[in-house]
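Fit chain B to the supplied structure of chain A, relying on the hints for placement.
Chains as they are written, first to last, in this note's numbering: chain A, 5 to 435; chain B, 5 to 435.
Hints may be right or wrong, so weigh each one.
As the list claims (entries may be wrong) - Distance condition first, Cα-Cα at most 25 Å in a straight line; then the derived PhoX-like pairs of lysine-lysine:
#1 157(B) with 32(A)
#2 92(A) with 332(A)
#3 157(A) with 32(B)
#4 323(B) with 221(A)
#5 32(A) with 32(B)
#6 323(A) with 422(B)
#7 230(B) with 344(B)
#8 406(B) with 422(B)
#9 32(B) with 221(A)
#10 244(B) with 230(B)
#11 332(A) with 332(B)
#12 27(A) with 157(B)
#13 341(B) with 32(A)
#14 24(B) with 157(A)
#15 323(A) with 230(B)
#16 244(A) with 221(A)
#17 262(A) with 24(B)
#18 262(A) with 221(A)
#19 157(A) with 27(B)
#20 32(A) with 332(B)
#21 391(A) with 360(A)
#22 262(A) with 27(B)
#23 101(B) with 24(A)
#24 32(B) with 342(A)
#25 332(A) with 32(B)
#26 262(A) with 32(B)
#27 32(B) with 341(A)
#28 172(B) with 185(B)
#29 221(A) with 332(A)
#30 323(A) with 101(B)
#31 221(B) with 157(B)
#32 323(B) with 332(A)
#33 101(A) with 44(A)
#34 342(B) with 262(B)
#35 382(B) with 24(A)
#36 262(B) with 27(A)
#37 221(B) with 172(B)
Calculated directly from the structure, the hints in this document are not laboratory data.
There are 2 protein chains.
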Amino acid sequence: MEAISVGLLGLGTVGSGVVKIIKNHQDKLMHQVGCPVEVKKVLVQDLNKQREVDIEASLLTGSPEEIIDNPDIDIIIEVMGGIEDTRKHLLKALANKKHIVTANKDLMALYGSELLTAASENGCDLFYEASVAGGIPILRGLADGLASDRITKMMGIVNGTTNYILTKMSQDGSAYEDVLKEAQELGYAESDPTSDVEGLDAARKMAILATLGFSMKVDLVDVKVKGITGVTEEDLQYGKQLGYIMKLIGIAHREGEKVEVSVQPALLAESHPLAGVNNEYNAVYVYGEAVGETMFYGPGAGSLPTATAVVSDLVGVMKNLRLGVNGKSAVSPQYPKKLKDPSEIYSKYFLRLHVKDEVGVFGELTSIFSKHSVSLEKILQLPVEEKGLAEIVLVTHQSSLKDYEDILSSLEDLPAVKTIESSYRVEGSGS
Amino acid sequence: MEAISVGLLGLGTVGSGVVKIIKNHQDKLMHQVGCPVEVKKVLVQDLNKQREVDIEASLLTGSPEEIIDNPDIDIIIEVMGGIEDTRKHLLKALANKKHIVTANKDLMALYGSELLTAASENGCDLFYEASVAGGIPILRGLADGLASDRITKMMGIVNGTTNYILTKMSQDGSAYEDVLKEAQELGYAESDPTSDVEGLDAARKMAILATLGFSMKVDLVDVKVKGITGVTEEDLQYGKQLGYIMKLIGIAHREGEKVEVSVQPALLAESHPLAGVNNEYNAVYVYGEAVGETMFYGPGAGSLPTATAVVSDLVGVMKNLRLGVNGKSAVSPQYPKKLKDPSEIYSKYFLRLHVKDEVGVFGELTSIFSKHSVSLEKILQLPVEEKGLAEIVLVTHQSSLKDYEDILSSLEDLPAVKTIESSYRVEGSGS
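Chain A with its partners taken away, still in its complex shape:
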């Protein structure tokens, strides 16, 4: 039986893992698909670099065209990263009727629908399981496993770097900067950690999850993003005291036809299963109308975990090739995009303020909440070191984002309020 030929764009961390798995699991792949699979060409930047994976020098090339335009290659695995050039490569490859497996979340978040449409028009498969939550088969879970359900909400810990940092801050009581430095030394954070700590990486994954889960084209710009750089040890400690764990949470929430997608550090009820997802692990909690609550947990990154997702997609493409049914699995969004207004986004909030320690101040505060019909679930008041000030920590009941923002702006105008120290969404503790 003739082998199916694969071209790799990129041979970094994930690419090396893919080569290893294809080599080591040839028997299992053969058993599942019924024919061998062969890596034919690999695009690299530096032909002479020492590689951590054993690969024949003759397979390496510096020219993308040798893969994209190669008539002997059936499937292209894109693990090179990057956006604009990579997009052009893949569009050309699809025009050449090559099937594609990609791990590129940046690309899929920005150009996913363009690429999926091009794939569909050319009768090609385009699979991207590895782009979200590394080794966790969450996209398959949404597309196939929960195919008959309607998803109402997804909450995801989808960035390992920030989860590692927040876990350490919470467990050791260390400061953000110290843990970040430690994470960089251990290789859990990049030397430029911006995309992780500012929440952009998580936002890309949430755009992909929301698009698939809600069958609605959610773009990256639709995702409201806030990172973890402002999170303090005090916030984590106060959170704990009130029964919450701080996590960078991606939220995609549908009510009726309208959705909201956001990424932010949020306080999660400690009894919620996501609260136990620690260190560099990822998890996605899915609420379906019929199934109720399910969770998918696993490694969010890493060479071999991410490579398993890539090769599982590869198996999917190969099976379709053998059956002659490629290009039919992508389903275009069923619903038009409708985003919620701030007046339609409901949540609980945690708020920490420094106020003047004077008679009547607490009454002034609470009357602002009352005016917006927002009631308070938890209240904590403590003296602060600076004389004449008190620290107040509040957790509201459900409030619309609009009401809450109006409350924040009224509080800022109140002479008795010295500073608004911090404010977080509160999730996972019921209504």
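Structure of chain B alone, referenced to chain A:
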């Protein structure tokens, strides 16, 4: 576009959920598959019974042949339960070229390979996602999501009734009999709970998981089973004191070419993600060579959750029908069955004994462990109410099952040992 026609065998809890989902999600199904789906006939025991789901009386029938031999029906959904008669119905249906979706774990555990072979020979699909862990898409996760990996171990909480009972016993300190009675009143346990509390239900699911996950035909008789009826409050409390939570755990463990599959109440390290799976929830923890550790969590039973798994399978069959590729997804086992000997099954063990409170007894005990080269990780000694006796709780390091059984039998022969109170496998705490 002509509708795809479905016949239901059974209209109980799950069957009613299936009818509801097909009715309520017609748009989504249509969007995914490209044609409508219609329930054509439903087999029921009592034509006149009041139904909790709205269904036309003309669709009901008391005769299985009206579905199995009906040329207008493409797909049969089997949610009637039972084994021998149901097996005959499904074999006949497959001979009639009907595709099958089943939620029947008893049947799949006993006759899964026979039915899958018959399906394959007739070019038919046979999907059974709902047979394991209700609403959790674990079988797809194993078959597709981790297709490129080799599974080394699966640990599952796959029975909701026993998990509910053990959770309540642990949280409230109640006795087994009291919690069982409460569970029966709440509908979490059947009036005859044997199959659940004796571990048989979990064993069936573990046979199905092991067969699929290891690509090896593991039969129900290969699964060693112990139920929870002997678990006492003392065991849970001592476990807690040493950092463990009691769970009914299904273990399927492969080392090299040999596997071990068992179900037993086990003490799980409290830091293990499975330890946080409470009440009636299910979860399966999967260890893959490449992916590392992943977990699938969700509702293990219930009308709508189980029905989502059934309808997701139905979507899979319908997609295959539209593509003309049915009967190709079942992969026959890749490896011959090889079971581990007791000398090859390694684990830690928790052991609680009552011994005579005399000089030298502890030395006699430990010399028995030493003779089998098994060392002890944790030791707890306490006085008991009965005069002259001491209670000893031990946790071993890794020991083969054979060594451990030899140790138990030597301990029983020791005059200083009054009773062996309890013994459990210990999991999730490393080597």
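So, going through the hints one by one against the coordinates:
no. : hint               : result
1   : 157(B) with 32(A)  : 17 Å, holds
2   : 92(A) with 332(A)  : 22 Å, holds
3   : 157(A) with 32(B)  : 17 Å, holds
4   : 323(B) with 221(A) : 23 Å, holds
5   : 32(A) with 32(B)   : 35 Å, violated
6   : 323(A) with 422(B) : 62 Å, violated
7   : 230(B) with 344(B) : 18 Å, holds
8   : 406(B) with 422(B) : 23 Å, holds
9   : 32(B) with 221(A)  : 16 Å, holds
10  : 244(B) with 230(B) : 21 Å, holds
11  : 332(A) with 332(B) : 17 Å, holds
12  : 27(A) with 157(B)  : 22 Å, holds
13  : 341(B) with 32(A)  : 16 Å, holds
14  : 24(B) with 157(A)  : 21 Å, holds
15  : 323(A) with 230(B) : 40 Å, violated
16  : 244(A) with 221(A) : 37 Å, violated
17  : 262(A) with 24(B)  : 24 Å, holds
18  : 262(A) with 221(A) : 12 Å, holds
19  : 157(A) with 27(B)  : 22 Å, holds
20  : 32(A) with 332(B)  : 17 Å, holds
21  : 391(A) with 360(A) : 9 Å, holds
22  : 262(A) with 27(B)  : 23 Å, holds
23  : 101(B) with 24(A)  : 41 Å, violated
24  : 32(B) with 342(A)  : 18 Å, holds
25  : 332(A) with 32(B)  : 17 Å, holds
26  : 262(A) with 32(B)  : 17 Å, holds
27  : 32(B) with 341(A)  : 16 Å, holds
28  : 172(B) with 185(B) : 12 Å, holds
29  : 221(A) with 332(A) : 19 Å, holds
30  : 323(A) with 101(B) : 23 Å, holds
31  : 221(B) with 157(B) : 16 Å, holds
32  : 323(B) with 332(A) : 9 Å, holds
33  : 101(A) with 44(A)  : 17 Å, holds
34  : 342(B) with 262(B) : 5 Å, holds
35  : 382(B) with 24(A)  : 41 Å, violated
36  : 262(B) with 27(A)  : 23 Å, holds
37  : 221(B) with 172(B) : 36 Å, violated
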